[in-house]
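S.K.: Given next are the chains, with one letter for each unit.
Number of protein chains: 2
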Amino acid sequence: MGNQRKLVFYGAISVDGYIARENHSLDWLIGTEGEEDTGYSDFYETVDTILMGRNTYDQISILSPQEFPYKDKQCYVFSRKMTGSNEFVKFINEDIVGFTQSLKEQEGKRIWIVGGGEVLHPLLQGKLVDEFIIQIAPSIIGRGIPLFMPGDQENKLTLVDVRRYKQFAELHYESR
Amino acid sequence: MGNQRKLVFYGAISVDGYIARENHSLDWLIGTEGEEDTGYSDFYETVDTILMGRNTYDQISILSPQEFPYKDKQCYVFSRKMTGSNEFVKFINEDIVGFTQSLKEQEGKRIWIVGGGEVLHPLLQGKLVDEFIIQIAPSIIGRGIPLFMPGDQENKLTLVDVRRYKQFAELHYESR
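Going down the list, the sequences are from chains A and B. Here the first sequence is numbered in our numbering, starting from 2 and rising by one per residue. Here the second sequence is numbered in our numbering, starting from 2 and rising by one per residue.
The hints are simulated quantities; they were obtained by calculation from the structure and are not laboratory data. Take the hints with a grain of salt, since some may be wrong.
[As the list claims (entries may be wrong)] Straight-line Cα separation of at most 25 Å, BS3-like style, residue types lysine-lysine; simulated pairs:
(1) K157(B) to K128(B)
(2) K91(B) to K110(B)
(3) K157(A) to K167(B)
(4) K167(A) to K110(B)
(5) K105(B) to K167(A)
(6) K128(A) to K157(B)
(7) K110(A) to K91(A)
(8) K167(A) to K82(B)
(9) K110(A) to K7(A)
(10) K91(B) to K167(A)
(11) K167(B) to K7(A)
(12) K157(B) to K167(B)
Please read these numbers as outputs of a predicted model, since none were measured by experiment.
Looking at chain A on its own, in the form it has when it is part of the complex:
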């Protein structure tokens, strides 16, 4: 297990724990002071594989219609309906936990979980997530897509770093 590569959640949430509004809007996040100062590009260099759900993929396609933002990475999109692959991503119909466990056993750099909710949830329940790097934006938005869905997962973490980027607080945890 110790030689497996790391599976990481990296992303921003509101103070009340949402990754986006129910309509996927990030208006509460965009333009927050400090956004340009976070260590995103350093983090991005440590990743060679990206996992996301179909909803996140669709949102990225809407937000970045001109250019897929992760085209230099191996991207897997979990979907019940889509199959095959396109120029940028491969659609995966397999069980999320089983597929991700196999990926972790391959050689490579970090695997990044983009977006929370339905993809993160089974990975947490399967205790496959090794690290969390969470930027907290200074807003309470009331309703939205939660990073963590209620469920039976229990994960004891170790706080390895706390950083401040102007209005963002970044918490870095490792699973114990």
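Given chain A's structure and the hints, the job is docking chain B onto it.
M.R.: The following block gives chain B in isolation, referenced to the frame of chain A:
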């Protein structure tokens, strides 16, 4: 408005945003490294009034049966059923928002909201909460009593301080 005294949420949550398990247990919190280092006693000195819900009051009575922990403060417990007062607390049947607004207009030190959920929720919706001092404990517990209940509240905050107390990250926000 500027002269009103401050209404503050101060308390600990899990990484997934719960203040306690569904059965009110704090086992995931108790014994976390750094608990004794937080600025609780400094904070406590800045408070003269405490607000809580009936459930929180009952839990405090169970956890501290020998000695009420806030006996040198004016404590108000919001309850639909209990009336009158006892040696330590006064039960309030009035509307939470109206009562709290009146309290804020009185002279005094900070007002502390102990516990989240049902008491915090209307106060957030009424935009009465001036500060949040949140300690995040290094655990994902899956289910519990959320600090923030879903609803139509929107609160833009300013991050004023980020501190680390060993395994706790403390975020201090003011409402804008």
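S.K.: Could you run down the list of hints and mark each one as holding or not?
M.R.: Against the structure, the hints:
Distance restraint check for K157(B) and K128(B): the Cα-Cα separation of roughly 10 Å lies within the 25 Å cut-off, and the hinted pair is therefore satisfied. Of the supplied pair hints, the one linking K91(B) and K110(B) holds, its CA atoms being roughly 18 Å apart against a limit of 25 Å. Between K157(A) and K167(B) the CA atoms are separated by roughly 15 Å; this keeps the pair inside 25 Å, and the hint holds. Straight-line distance between C-alpha atoms of K167(A) and K110(B) comes to about 29 Å, which puts the hinted pair past the 25 Å bound.
Between the alpha carbons of K105(B) and K167(A) the distance comes to roughly 30 Å, so the proposed pair goes past 25 Å and is violated. For the hint pairing K128(A) with K157(B), the CA-to-CA distance comes to about 34 Å; that exceeds 25 Å, so the pair is violated. Proximity of K110(A) to K91(A) is assessed by CA-CA distance (about 18 Å); at most 25 Å being required, the pair is judged to hold. Between K167(A) and K82(B), the direct Cα distance comes to roughly 46 Å. Violation of the 25 Å bound is thereby established for this hinted pair.
For the suggested pair K110(A) and K7(A), the alpha carbons sit about 7 Å apart, so the restraint of at most 25 Å is met. Among the hinted pairs, K91(B) with K167(A) is inconsistent with the structure: their alpha-carbon atoms are about 41 Å apart, more than 25 Å. A C-alpha spacing of about 24 Å is found between K167(B) and K7(A), which places the hinted pair at or below 25 Å, so the restraint holds. A distance of roughly 28 Å separates the Cα atoms of K157(B) and K167(B); the hinted pair therefore is violated under the 25 Å criterion.
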